[in-house]
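Trainee: Here is how the chains run, residue by residue.
Protein chains: 2
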Amino acid sequence: MTNCRGARLIAMDWGTSSCRAYLMGEGGVVLAQRRQPSGTMAVTRRASATATPYGLAFEQSFEEMCGGWLETQPDLPVVACGMVGSNHGWAEADYRPVPADLAAEGIVLTRVRTRAGVTVHIIPGLIANSALPDVMRGEETQILGVLTNSRRAGTLDYASECIVLLPGTHSKWVRVTGTTVNDFTTYMTGEVYAFLTDDSILSRLAVRADQPDWMAFDRGLDVVRSPAGHGGVLHTVFSARSLVITGELAPDQVEDYISGLLIGHELAAIDPAWLADEPNAILLCGDAKLNDRYRRALERLGLHVALAVPGSAPLGMWEIAQVTGLLTLVTL
Amino acid sequence: MTNCRGARLIAMDWGTSSCRAYLMGEGGVVLAQRRQPSGTMAVTRRASATATPYGLAFEQSFEEMCGGWLETQPDLPVVACGMVGSNHGWAEADYRPVPADLAAEGIVLTRVRTRAGVTVHIIPGLIANSALPDVMRGEETQILGVLTNSRRAGTLDYASECIVLLPGTHSKWVRVTGTTVNDFTTYMTGEVYAFLTDDSILSRLAVRADQPDWMAFDRGLDVVRSPAGHGGVLHTVFSARSLVITGELAPDQVEDYISGLLIGHELAAIDPAWLADEPNAILLCGDAKLNDRYRRALERLGLHVALAVPGSAPLGMWEIAQVTGLLTLVTL
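Sequence lines, in order, name chains A and B.
Just so we're aligned, residue 230 is where the first sequence starts under our numbering, counting upward by one.
Just so we're aligned, residue 230 is where the second sequence starts under our numbering, counting upward by one.
Incorrect hints may appear among the rest.
[Said to hold, decoys possible] Listed below are the simulated SDA-like cross-link pairs for lysine to any residue, each with C-alpha atoms no more than 25 Å apart in a straight line:
| hint | chain 1 | residue 1 | chain 2 | residue 2 |
| --- | --- | --- | --- | --- |
| 1 | B | Lys518 | A | Lys518 |
| 2 | A | Lys518 | A | Val534 |
| 3 | B | Lys518 | B | Gly540 |
| 4 | B | Lys518 | B | Trp443 |
| 5 | A | Lys518 | B | Ile430 |
| 6 | B | Lys518 | B | His399 |
Just so you know, the hints here were simulated from the structure itself, not pulled from any lab data.
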């Protein structure tokens, strides 16, 4: 149980595989935080196993995470983002079509009221209705936090265009002007990488290495830009097996080579118009290890990369709570 | 135990996940056959679990499959193809570099002698040393059988060029003149399809259908040829989720849509020079269901498709036994 003076908001980043709760004070400062593995998938599985209604199961998880904070300050507003707002979540929130201003006053939050009388406000996701529709849920809030942090630090001005790149399980490329998302595209790079290196035939000849082998990674990048790259990812990845068989790739290079291939194919697929505009910078928002890989791959293409401040999601929620008027509720 | 008059050869198609043994007579006729799930993977796993040397474990499996036939005719020559010749198999056989005549007299078979004095002759695989090396093991023998069957049936003449397409876990496109393989390319289409539809995030919104939904399949093919296709397979497959979320794709269409996307990307990646030569035909060698899909996709591109006679691997082994002089050993 935490009692923090000056708490103004509870913010929950509630994704598929984990839930992070933040107690926040003036200016978006994090006063306390908790993390649990009770992502939406774990909550719904446990609910199914115990024949508990989903809503009740989410409520129990919420109380485990935030009950202590609310006991001290029952009137704290609560905001949440991520898959908790999906149709497998607590309550389904909208997808706002792009272009969408992430900091617009008119954003409609989806409200869920617990039996104890607490209202949880879920932030809507985004949908891009391009040739193929594309969706995000949670990343929009992370992006707003990243932009706010970058502007506070003076590394990005308010009117500038940039590309925000969120590498990961589902890598997302997002074109932004000011706080408005113009368009975005998803690549299943991380999920396919995990499959290929953990479970596919390629994993059988692979040995996990302690350190990244940058030569193997670069080799993968180079293959994509060579004539062999025209064979597409379904073809090039098979060389992570054949090159081991021919003795041209060491077993402990296989994973980094595959990483280079997949990131190379992702980069090769980006609409050239996105990069031709010479954006202010590509703002990279992955974890440290993934940032190293994408930074290296992007800089080899002559692109300018800036690293985002990590852990920006709570600040994004703070911003949304502010523009939607949630914070005024507790100004005593 | 089977006693068949006129038996001339034992041929074993011994792959990763199963082993098929054939008792063959004059002209390559199959007189009897057995199938067991004791593929190379099962054999080596069992060997590891029971601390049995690999060689002995393969020998035991071989005796279970073929011991009865050999009891009656101990002098029958034995030939085998497939992963049994890999470095995780019974004995490592070569990869012959392409161009390679599948019916060349000089093919060197790898010999393994059992304690009972039986010699097993393992057929070498093929390696294509293109920009990226590519390998096959077992398919070369299936191809020789397919070509022999097609020429016997008069649907292919001996000098003609053709493309042999073996769709499956690792789809292989093979350029052939006569019985010579000029070049080949592998696509991990089937393995990636199984992952995406069984285990990825895309599978969560999918419902398996009883019948192919050809509209959904064609839609996948069309996406690849549309501007969205430039985003590459790592991008387009994510639409199998977003289109369900937007209500534009039914859950029971997801798998056929993904199938269309992946086969579409495979076809889009084929070197145009391969198809520009207007080959005699594309000889399709998959199972019936997979053939339906590839035939449909290829014919939509205006390409001429012919179906191979299924189950041609034993005939390929018969041909190789013949050209390498194995059959003369038992001519009494």
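Trainee: If you draw a straight line from the CA of Lys518/B to the CA of Gly540/B, is it 25 Å or shorter?
Mentor: Answer holds: Lys518/B to Gly540/B is near 15 Å, not above 25 Å.
Trainee: Are the Cα atoms of Lys518/A and Val534/A separated by 25 Å or less?
Mentor: holds (15 Å)
Trainee: Taking only the CA atoms, is the gap from Lys518/B to Lys518/A under or equal to 25 Å?
Mentor: violated (43 Å)
Trainee: Hint check: Lys518/B vs Trp443/B, CA-CA at most 25 Å. Holds or violated?
Mentor: holds (12 Å)
Trainee: Lys518/A and Ile430/B: Cα distance at most 25 Å?
Mentor: With a Cα-Cα distance of about 23 Å, the restraint between Lys518/A and Ile430/B holds, given a limit of 25 Å.
Trainee: Between Lys518/B and His399/B, does the CA-CA distance stay at or below 25 Å?
Mentor: holds (16 Å)
Of the hints listed earlier, the one the structure fails to meet is number 1.
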